[in-house]
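Model the full assembly from the supplied sequences, consistent with the hints where possible.
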Amino acid sequence: MSFEYGLYIPGRGVFHRLDPRAKIIWALTVLAFSIYNGNYMMNPIYGGIIYASALLALISSKPTSFWYKLFGGLTAVILFFSLVFWPASAPRGGRPILIIPILGWKYTDLALNLALSKAFLVLSPIIAIAVIFITSRPGDLFQALVRWKLPYRLAYIPILALRFLPTVIVEIKTITDAQKSRALELEKGSIPSRIRKYIAIFVPLMIRMMRSALELGVALDSKGFGVMKTRTFSRELRWRLYDTFMLCMLIAVYIISLIMLTRIPIWW
Amino acid sequence: MKEQAIVEVRDVSYVYPGGVKAIDGVSLSIKPGEFIALLGQNGSGKTTLAKLMNGLLKPTEGTVLIKGRDTRKMTVAECARIVGYVFQNPEHQIFASTIFEEISFGPRNLGIPEEDVKRRVEESLKFVDLKKPLNAFPHLLSVGEKHRVAIASVLAMEPEFLILDEPTTGIDFGRSLQIMRLLQRLRDRGKTVMVITHDLYLAAEFAERIIILKDGTKFADGSAKEIISDKRLLIDAGLSPLQVTLLSEDLKDYGIPTNTIKTMEFVEEFLDILRGGRGSRG
Amino acid sequence: MGTAIRIDDLWVRYREEEDYAVKGLSLRIDEGEFVILMGPSGCGKTTLCYTIMGIIPRVIKAEVKGSVKVFDLDPLTASPTDLAKYVTIVFQNPEMQLVTTSVYEEVAFPLENFGLPKDEIERRVKEVLEVVGLSGLENRSPASLSGGQKQALAIASVLALRPRVIILDEPTSQLDPQGTKRVTDLILKLRKEFDTTILAVEHRIEWAVEYVDRIVVMNEGRIVLEGDPKEVFSREIRPERAGFRPPQVSEIAYNLMRSGVNLPTIPISLREASSILRGVLDEGAGHSRS
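Protein chains in written order, with numbering that gives the first Met the number 0: chain W, 0 to 267; chain A, 0 to 281; chain X, 0 to 289.
Keep in mind that the hints were calculated from the coordinates and are not lab data. We put the CB at the ideal spot given by N, CA and C, even for glycine. Careful: at least some of the hints might be erroneous.
Residues on chain A that point at chain X, a partial pick, calculated with CB under 7 Å [what the hints assert, rightly or not]:
1. Q40
2. N41
3. G169
4. G173
5. L238
6. Q242
7. L245
8. L246
9. D249
10. T262
11. F265
12. V266
Following this line, the structure appears as structure tokens:
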């Protein structure tokens, strides 16, 4: 994946066409509902619905295999750790689903609900936030933040991070190549010695980044950044009916499923 | 007596993970003691080829042999014993807190015993003519000094073949000359040198062999004289002929050989003709 | 023609340094002139450019003594908004001066920062992309452009401000021959079509020697040589000290003169060299015949 636009991947998906402000609001609702479910309701089906909606949003944005691999791996890791560790804090009672004889562990249904809900609590917002970045140009995100009254000098910092992501990746690769050409072998040796070897990568990287930060500061200044109190946005964001519609629809799905699920007892 | 090539590239192609084919069916052979300039537009595959030659990249097709051994069967570190690679920007390498640490990094990674390391560090510093104390902080050196530290740190590994990636780009001409002269001294000591450069003037003055890449293929490979004096070829490769070549062509009626590529060559030919040595006019 | 840049007895010292980077420098550039600034690394060329822009001391802290005037403005005190209409700068590294993720945004960026109205911005972006030869690439990411295109984009973004003076700090040093040609052609075009005053810091001179009005050579913070190309190259330039090499034809001429050949003048272009040397050879042939 080239990261040439930061994390943005150009496309014409449903989420690409949304105003970034709508996407940010959506991600916040995903976060809110996920927290509510993960800490109070602990209904894995509800959590699953929210997770599915975020996943669908991601898939509709046609991301590269990098993202699939990333989230596939992340889901697996978080699910695993949730299923193993959360049951320890599960409420008493509940029907046992799984009994491990040797250790005498009882895996109850309440424990399972808890573990899954916690997993979804973490995963759903992360995917939603990723969708924001994948489907929005950094310039538009910048404008969204500024339209929401964030001071533009502050709001541009994450945009610069996105802009320079590909640069930093290339720098790391170049530095690693240069040191490997001096016979640095990162895969060999004990763990402590390997960590020490990374100094040969870390130090040049930090120095390059500091130097680049200075150059960047000079460049931004020469382009008049920060000179005036407000700035024009040439390609203005326009909130459309489409944005209101999509946002309402998504939130409606979350609310309706919430209502339906709290009336119907968990099937098992 | 057949001399074994230091590096042999046999019908090599390389495709980057993203699908870009950077090198397409290139074959060449580097003999010991050669001074080569590798030219080509950005994106023509020069850096990729260089990285294939030092084992950083392994070919997706074909074979790269370093002194007869397949790079696929070697680690980058093993290749580094024979092929040294100096990157364009010394800041991509310099990490240590003293010059000594910095230059000894390479040899130590190769497992060279400590007494030898010290000798190598001192020798390479002397060779690059850097008169700073061993415990100086490398990050505070001037740009030119950093370049020399970078070269010294690769020289300390005592490779037989040294590749330098654009050592003359982005630095002033006086310094570029210094570096080229340093490389010439290296070559006089029996090392093989390959410089990736855009500077045709320097290539003409210092290199004996020119390889030009275009779109990942070998566009030209021959003696500097042959290639740099070939106007058509240079223009096809996106390069501009040197003034000295154009001038000698202009004056060919007077007997100046049209394949002149060096300033002093031209001067000598001219003086020769002027003193009545030759001259087809009259 | 008015004076575009006037520098009188300028001294600049960086905070962390003891020695002055620019020492008592005086320079005058008239409107419409094309001046090339040359010298070895560390001679103060970049410091000088930054001071004209006001980047020193605004962004980079340094002690500045003496006077700098850009038209009637003092970069040390004028507001960047006012200054931007008169003078802009393009830097050496294409990578670090492109700050957005699309070609369109990059050109629009300075205009947006200065609060120009939307339609004005759109118009200027279109115009300027045409001039630099990047029309149609509005949605491309700067990262996907070649080095020459990146610098062309950097030039476009400052050009959109319609400055009277453009300073270019080693614009081609990181580029390959094709990229260099693209940028140098563009500079010459700006000169010819828009009469922009241009101050370029360069290591290579052959491409400009027939078009440049004046060459200013610096060394250790001072101007050591100044004049039109004929004047500057009339005496031998040694690359090791000067930091640049003269046109090869001039270099050939120096060597011929050192060997006793009498040349009426040192040529700076191929044409000139050809005709001068023919003349010498014809004369010489005449002598050896007689």
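Checked hints:
1. Q40: 5 Å, holds
2. N41: 4 Å, holds
3. G169: 5 Å, holds
4. G173: At about 4 Å, which falls below the 7 Å cut-off, the nearest Cβ of chain X leaves the hint on G173 (chain A) intact, so it holds.
5. L238: Status holds, d = 5 Å.
6. Q242: 4 Å, holds
7. L245: With a minimum Cβ separation of about 6 Å from chain X (threshold 7 Å), the hint on L245 (chain A) holds.
8. L246: Given a least distance of 6 Å, the restraint on L246 (chain A) holds.
9. D249: Result: holds, 4 Å to nearest chain X Cβ.
10. T262: 5 Å, holds
11. F265: For F265 (chain A), the interface hint holds, since the closest Cβ of chain X sits about 6 Å away, which is under 7 Å.
12. V266: 4 Å, holds
This entry satisfies every hint, going by the numbered hints stated previously.
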